[in-house]
Amino acid sequence: MTEGLKIENVYTAYDKADVLEGVSLAVRPGKITCLLGSNGVGKTTLIRSILGLTVPREGRITFNGQDITGLSTHKVIANGISCIPEGRKVFPKLTVEENLRLGAYQVKSDAVIRERIEEAYEIFPRLKERHVQLAGTMSGGEQAMLSIGRGLMSSPQLLLIDEPSLGLSPLFVKENFSIIERINERGVTIFLVEQNMRQTLAISDYGYVLSKGGVVAEGDAKALSENDEVHQAYFG
Amino acid sequence: MDIGLLGQYVINGLMLGMMYALVAVGFTLFFGVLNVIQFSHGDVLMVGSFVGYTAILALAAIGIDNPIIELLGALLASVGVVALLGALIARYLVLPLRSSPPLNTLLITLMLGTVLRESVRLFFPDGSNPKRFPALLPDEAFTFGSFTLRVDSLMLLIAGLLLIVALHLVINRTRLGLAIRAVAQDEETAMTMGINFRLVVLVTFAIGSGVAAFAGVMNGLYYNEINFGNGLLLGVIGFAAAIIGGLGSIYGAILGGFLFAALQTIGSVALPFASAYKDVFAFAVVIVLMAWRPTGLIAERTSERV
Chain A
1 MTEGLKIENV
11 YTAYDKADVL
21 EGVSLAVRPG
31 KITCLLGSNG
41 VGKTTLIRSI
51 LGLTVPREGR
61 ITFNGQDITG
71 LSTHKVIANG
81 ISCIPEGRKV
91 FPKLTVEENL
101 RLGAYQVKSD
111 AVIRERIEEA
121 YEIFPRLKER
131 HVQLAGTMSG
141 GEQAMLSIGR
151 GLMSSPQLLL
161 IDEPSLGLSP
171 LFVKENFSII
181 ERINERGVTI
191 FLVEQNMRQT
201 LAISDYGYVL
211 SKGGVVAEGD
221 AKALSENDEV
231 HQAYFG
Chain B
1001 MDIGLLGQYV
1011 INGLMLGMMY
1021 ALVAVGFTLF
1031 FGVLNVIQFS
1041 HGDVLMVGSF
1051 VGYTAILALA
1061 AIGIDNPIIE
1071 LLGALLASVG
1081 VVALLGALIA
1091 RYLVLPLRSS
1101 PPLNTLLITL
1111 MLGTVLRESV
1121 RLFFPDGSNP
1131 KRFPALLPDE
1141 AFTFGSFTLR
1151 VDSLMLLIAG
1161 LLLIVALHLV
1171 INRTRLGLAI
1181 RAVAQDEETA
1191 MTMGINFRLV
1201 VLVTFAIGSG
1211 VAAFAGVMNG
1221 LYYNEINFGN
1231 GLLLGVIGFA
1241 AAIIGGLGSI
1251 YGAILGGFLF
1261 AALQTIGSVA
1271 LPFASAYKDV
1281 FAFAVVIVLM
1291 AWRPTGLIAE
1301 RTSERV
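Protein chains in written order, with the working numbering: chain A, 1 to 236; chain B, 1001 to 1306.
Looking at chain A on its own, in the form it has when it is part of the complex (with noise of 0.2 angstroms):
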């Protein structure tokens, strides 16, 4: 399988120290794949390590067949990987409108970022009752809106999310990722970071379990979440 996104192997140290210690695994087009573990354990360093914003000391990581590893953040996007990063991460000084324009610099025609602007507010129509407001006066809840729609905006193949139900209330955790499932309905892969364990093996795929930098478990979310060896490994 060449398709989608595959891991192999990989260690990603901080200041010489491994964070992850030879992390494999694969996501599969048009899945939700998501990848479990407490805080800590190297979740947002795999994240980091795709992007290119850590970069690997070992091991590859390939996009759809293409070796990805390395690249400058940049150009790891321009292969179709968007992310939605841990703690949103919407830039503040800027407007809602600015900041999904931003999710679209690869974007060069201006027709088509306005029609993923007004997508976007079709699925937020709250983003665009506040399109002239500065992102950083927004509400929690709201600034989830915008990193989601800012990750749209790019229309990517690979959708990275870090950590959705970080810092929410649970009403609005269940409202994300009832939209995480309509995005991939709409034929986005979607890689899901989280530490919420039953809510998102509730809409993946398929599941990896990490610990202290390895993978410890995968298999069918189905039966990850029935897995009690997963609830040891996760807790204990």
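Warning: the hint list may mix true and false statements.
Capping the alpha-carbon separation at 25 angstroms, the derived lysine to any residue pairs in SDA-like fashion look like this [stated by the list, open to error]:
1) A:K222 to A:E175
2) A:K75 to B:S1099
3) A:K75 to B:D1186
Honestly, the hints are just simulated from the structure, not real lab data.
Got chain A; can you put chain B on it based on the hints?
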């Protein structure tokens, strides 16, 4: 005081303020995208005025003495060469030091300033003496009683204003400007939007340095003289202006530039000591301002970067 004389001082102050503002904008842009202080910025300006001067000599040497062509040639050569110089400084001195302490960048650019200054002094023909910058602008003047408005001053002021408006439009209305603002706010997230970070940094340094080169030619045209040491004081003043305005804010830098010029003008005409103390006065007020508002005048309210 006589009203005509007052008008004269206001025009002089605006002229100085415009030059300071154009220098300060560079400091603030560089700080915005990379969090660095580019201390050779004033000397980069000086290089700009010498490139412009050389271009005029070169045009004269091939027999062109139309002042409009000479002026355009000087500006194009100066802005072009210095924009490239700025990008090279970013590429080979500033970007490679990104992961080291900011003090290193400060020190290196400070040393680069000395290198640029001394190179012009040593390698430019008779570089240690001031050069007479040709008066290319019309030398007419309007006289209203005791107030004389020189056409060249007016043209320089309008040109500076147009440049500031153009810069404002680039930053606020273009895709490049959006990228610069995004990088200034959050470099990594900007990269994940697909922005080529290094390219944005290089272009920002090119723009900031090109604007300084423009100020350098303006300086030459206004004083009709350039000198290898011109950049030192202009750099310090531009830096001070950027700081008083709130480092990182373009409008703060512009405000700071005009404020500093106002202080100098007040120091030289309205206060009871010799005009030689105008810089002492202006910098003393800057110190007081910094103690009063450590984050600058604009940043205090909006803390907006670029």
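For this session: List, from low to high, the hint numbers that the structure doesn't satisfy.
Result: none
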